[in-house]
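Asks: Be aware that the sequence shown starts at 1, since it is given in full-length UniProt numbering, and climbs by one per residue.
FYI, nobody ran anything at the bench for these hints, they're computed from the structure. C-beta: ideal position from N, C-alpha, C; glycine also. It cannot be assumed that every hint is accurate.
Claimed, not checked - Simulated pairs of lysine-lysine, DSSO-like, Cα-Cα distance not exceeding 30 Å:
no., residue 1, residue 2
1, Lys307, Lys339
2, Lys339, Lys316
3, Lys64, Lys178
Unchecked claim - Simulated DEER-style distance windows between Cβ atoms:
no., residue 1, residue 2, range
4, Gln54, Lys316, 43 to 53 Å
5, Ile301, Ser77, 50 to 60 Å
6, Thr187, Glu274, 19 to 29 Å
7, Pro221, Asn291, 27 to 37 Å
8, Ala124, Ser243, 42 to 52 Å
9, Lys210, Gln135, 16 to 26 Å
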Amino acid sequence: MGNWIIRLWKAIATLRKKFQKEVKSKLPLYVQFLIFCLLIVSGSFSVAAQNYEQVAATIQLYPKSFNNPEQLSKFISRDFTSEEDKVRAIYTWIINNVAYEPSEYKKFNYNFKNFRERNQKEEATRKKIIERTLQKGIAVCEGYAMLFERLCELQGIENYLVRGDTKASFNDIGRPFKKNHMWNIATIDGDQYIFDPTWGAGKYNGKFIKEPTYFYYKTPPKLFFKTHYPAIYEDALIDTVISKEVFANMPIIIPETLRREDVEKPLTGIISSEDDDGYIDFQIRNSNPSNISYSFGKEPIAISEIKKEANLITFKIPLQLGASTLLIYFDDQPALGYKID
């Protein structure tokens with residue numbers, strides 16, 4: 001058993017003693033049972049959080065570069081035993097040590113005469129991209145995703161690459177589908193999860209801004225789908241089939257917890273400038289910002305009238321003549337982006 005399991009059982013034993021002492025004689029048996037189950041679940045989450053902290057602390061001690069993936073994999077094999085910890089270690093090392101660099105795009109292009117030669121060159125190119133990512137600490141999405149894939153392979157963890165489209169700016173609203181990005185699906189303890197170490201490492205706005213995040217580690221599929229559409233739809237890991245056209249016309253949805261289906265109105269990310277009453281109606285569920293503002297490319301303007309009913313908020317924004325984009329802010333942070341046609 002791993003150390004985390006031992007710690008979990010010790011925590012449960014402590015909770016059991018405390019529970020029996022304090023409430024056993026005061027509550028019905030079924031209530032005692034329910035409370036005890038909640039204590040166990042709470043304790044397991046606490047242990048998992050502690051384990052993640054230990055993974056991060058261990059990875060900080062690793063070298064910042066390696067000559068090949070086998071070298072990094074040996075460190076991971078030495079320090080971690082569970083699939084969860086190994087994948088967490090792989091993701092953590094990548095997002096903290098690889099910077100996005102657009103000049104790496106198409107650096108390893110190649111020509112081929114037949115499929116056999118193509119396959120040989122494809123594998124050789126994959127090896128070069130992975131090693132360069134490890135040695136130089138720079139990559140585009142292929143480097144991030146291929147390195148993640150190879151390290152999982154070396155650890156015996158089932159995984160594969162996913163190619164698809166992403167939505168990140170106003171220019172992405174309404175355009176045709178194109179395969180412009182790569183991410184990963186890995187199986188941990190029998191269940192499939194989505195990972196995007198490229199987006200997890202930070203953002204690029206003329207230069208790379210390092211902002212490691214675990215939002216793109218085991219991202220819930222419905223939240224991931226706001227910005228990522230796979231070339232093979234089954235890789236979305238969601239049951240509802242949504243077309244490429246619907247995805248293309250979706251607005252930019254920025255808050256991590258806000259889902260596509262929470263934005264009930266407008267349903268599309270392209271707003272007509274010829275609206276009858278000159279206003280845009282908004283209807284958003286499962287969000288409760290203390291203030292909302294908007295911008296047509298200039299300084300944000302506060303919205304004074306916001307209706308809130310249970311988990312639904314509604315408000316209106318007046319259309320502005322000549323505007324081409326609209327950005328909505330929740331609590332002074334960008335939340336929703338639209339094109340105006």
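Asks: Hints broken by the structure, by number, lowest first?
Replies: 3, 6 and 8
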